[in-house]
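There are 2 protein chains.
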Amino acid sequence: MQSLQVSLGVRSYPIHIGNPGGDSFQSAFFDAIPKSSKVIVVHDASVKEFADGIARSLNPVSGKVPLLAVESGETSKSIEQLDRLWKSMLALKADRQSVLVAVGGGVIGDLVGFLASTWNRGVRFVQVPTTLLAMVDSSVGGKTGINLPEAKNVIGAFWQPHMVWIDVSSLNTLPDREYRSGLAEVIKYGVILDEAFFERLEEQSSSILERNAVAVTEIVRRSCELKAHVVAEDEYETKGLRAILNYGHTFGHAIEALAEYGTYLHGEAISIGMTMAGNLALALGRWTERDLERQTKLFARFGLPTQIASSIAGRFSQAAMLESMILDKKTSHGRLHLILPTRIGHVETVVDAPLNAIQDAIDACIS
Amino acid sequence: MQSLQVSLGVRSYPIHIGNPGGDSFQSAFFDAIPKSSKVIVVHDASVKEFADGIARSLNPVSGKVPLLAVESGETSKSIEQLDRLWKSMLALKADRQSVLVAVGGGVIGDLVGFLASTWNRGVRFVQVPTTLLAMVDSSVGGKTGINLPEAKNVIGAFWQPHMVWIDVSSLNTLPDREYRSGLAEVIKYGVILDEAFFERLEEQSSSILERNAVAVTEIVRRSCELKAHVVAEDEYETKGLRAILNYGHTFGHAIEALAEYGTYLHGEAISIGMTMAGNLALALGRWTERDLERQTKLFARFGLPTQIASSIAGRFSQAAMLESMILDKKTSHGRLHLILPTRIGHVETVVDAPLNAIQDAIDACIS
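Here the protein sequences line up with chains A and B, keeping their order.
Heads up, the first sequence is in my numbering, so the first residue is 1 and it goes up one at a time.
Heads up, the second sequence is in my numbering, so the first residue is 1001 and it goes up one at a time.
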């Protein structure tokens, strides 16, 4: 396993990445967590077998570790699921020394992280992401939360895990579309922070698409490293830096909302969102046609959409998109903050971009 | 107004205490909060008029400040109320720059503080306590949360306010029984930390009971000062010190639970709980009969109970009390931690006190 550290003072924690075997989870876990803690595994129902393995590896030390299953899908990031888990915690007599282990994708990580932040005013938790998206994005950095039916992630907390355990072999059973969706966030890191990494993605696209373990470990490691750096500098997104991770996300969240959650996977919406942001950056003379084209080509190479499907284009009026973008939480005092690139490898925050330019950038992605 | 500071690094905040007039709230508020923030007042329905005044004083700067009323009573610290408030926040288009103002007793402060901690991963809030209990206890220190039907405060967060505003004139309309209930926590500070303060309570009991503004301001100020000191040393209750504030509370919470929430006011249950803890300390030879007697006499002087009422004594078996105490969150790995006095002005944490002694200490308070 390769290991990184997220440096956050007393809240620092390790990320382990690789293709482990045997009891390596158990030993890493108890490096981070006291052995006397009661452990509870909460997992996505679709990765029951993998979660069983995680729980089983702790049993010799922790006694029989209980497992709680949560149905797959964004709709599980709900008040109802949270309520059910709170009540399960009580039934299991979880106390403030208890530790939660989240096994699954971003939905599970966000939900269980928020559960951990709110149980007894905060208990420890460990992230075991099983999707590429969660590995490179949501499992690192401590953003946790649930949705209201009308708005994503408006309820939540900053709550850092005590360890992130990334076993890339858990990607072997991930559906192809979900794997590619995760690649959208990987591309994002290249565009916002690291041109050399973007180039490697272009060059190694075949081995990445084949899920070659070495290539996958490398892109996950570099993505986590870049994210860890940003999070260490701006844990609570108050200094502007962390906001760069939202590149494509204000457009993307509006796309997810208007298409109805579930039509697009998160990475697919973000891929279209980054294209809209790229269009806008081009229109404002912030980056070149060649930069935008490289971004678009890499999305295409990884089978990611850059246009709204014509079958649902009718839902995407400019007015509806704008309203949804302003409702998105990345507004400040009602003013739209957008992250726009100046070149592959660098982005800036732009406040109050001209509305007509935003509208044109949206339109160009609706066939 | 007198002012104190709770020293918590970047999370430090002022407590203002006194009998203010005119626009003093407005100016203190905008010393702590940016003027461009959207402000939302959430208040106990029983203090609508006072809350209206608070909101009105901000209107000239903040525009029309919306008010959300919450029904009085512990049952409002529920998932259902939280859910309703989350949805109201969305309807009001609250964003991450929004500020909540909690006007009411401990229920409102705990509920609104938790609402603030979970909205957009945490927004600012201001505590305006209107009961003595909230002024001297829950409004300072950042413990926020709600109850499950079977367990108090198991859901919550540490989330510090940006200011605490204590207008002692809001006590004028507080029912006598609630005022006396608040005095139980005031007495607690004397027993756990400050014998001289305990003595002043004994000496000035008449003016305190008459709610003389000078006497009330003094006991609130000293209580807040003592609590602020403890909180500054041990914000997250991880170092042992903050736990001393739980003197009488493990017994008290069990009393509240067995009597059914609402039978006893919090301070009344704590007063009996401190008596049980005092009995236990005596039985273990930790403090003297004379110390216990002073404590009991002061409770009596303030009209606070030190015995379970005989009409409900049947609910209070030793077994039921013990089970409820172990369920209370102040256990660690299933072991009971009790705060017991060594003299008026000092307490210590005692782990695994003998069960028969605990049972006797409980029994002595059940007629």
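Check the hints yourself; a few may be wrong.
Simulated crosslink set (DSS-like; lysine-lysine; CA at most 27 Å straight-line) [said to hold, decoys possible]:
#, chain 1, residue 1, chain 2, residue 2
1, A, LYS38, B, LYS1035
2, B, LYS1087, A, LYS87
3, B, LYS1297, B, LYS1239
4, A, LYS239, B, LYS1035
5, A, LYS239, B, LYS1038
Simulated coverage check for chain A against chain B, where a stretch passes if three residues somewhere in it have a Cβ under 8 Å from a Cβ of chain B [stated by the list, open to error]:
#, region
6, 143 to 149
7, 155 to 169
If you are wondering where the hints come from, they were derived from the structure by calculation, not from laboratory data.
Just so we're clear, the structure is a prediction, and the values are computed from it rather than from any experiment.
Using N, Cα and C, we set each Cβ at its ideal position, and we do this for glycine too.
For each hint, the structure was consulted:
no., hint, in the structure
1, A:LYS38 - B:LYS1035, "violated, 46 Å"
2, B:LYS1087 - A:LYS87, "holds, 22 Å"
3, B:LYS1297 - B:LYS1239, "violated, 32 Å"
4, A:LYS239 - B:LYS1035, "holds, 19 Å"
5, A:LYS239 - B:LYS1038, "holds, 21 Å"
6, 143 to 149, "holds (count 4)"
7, 155 to 169, "holds (count 4)"
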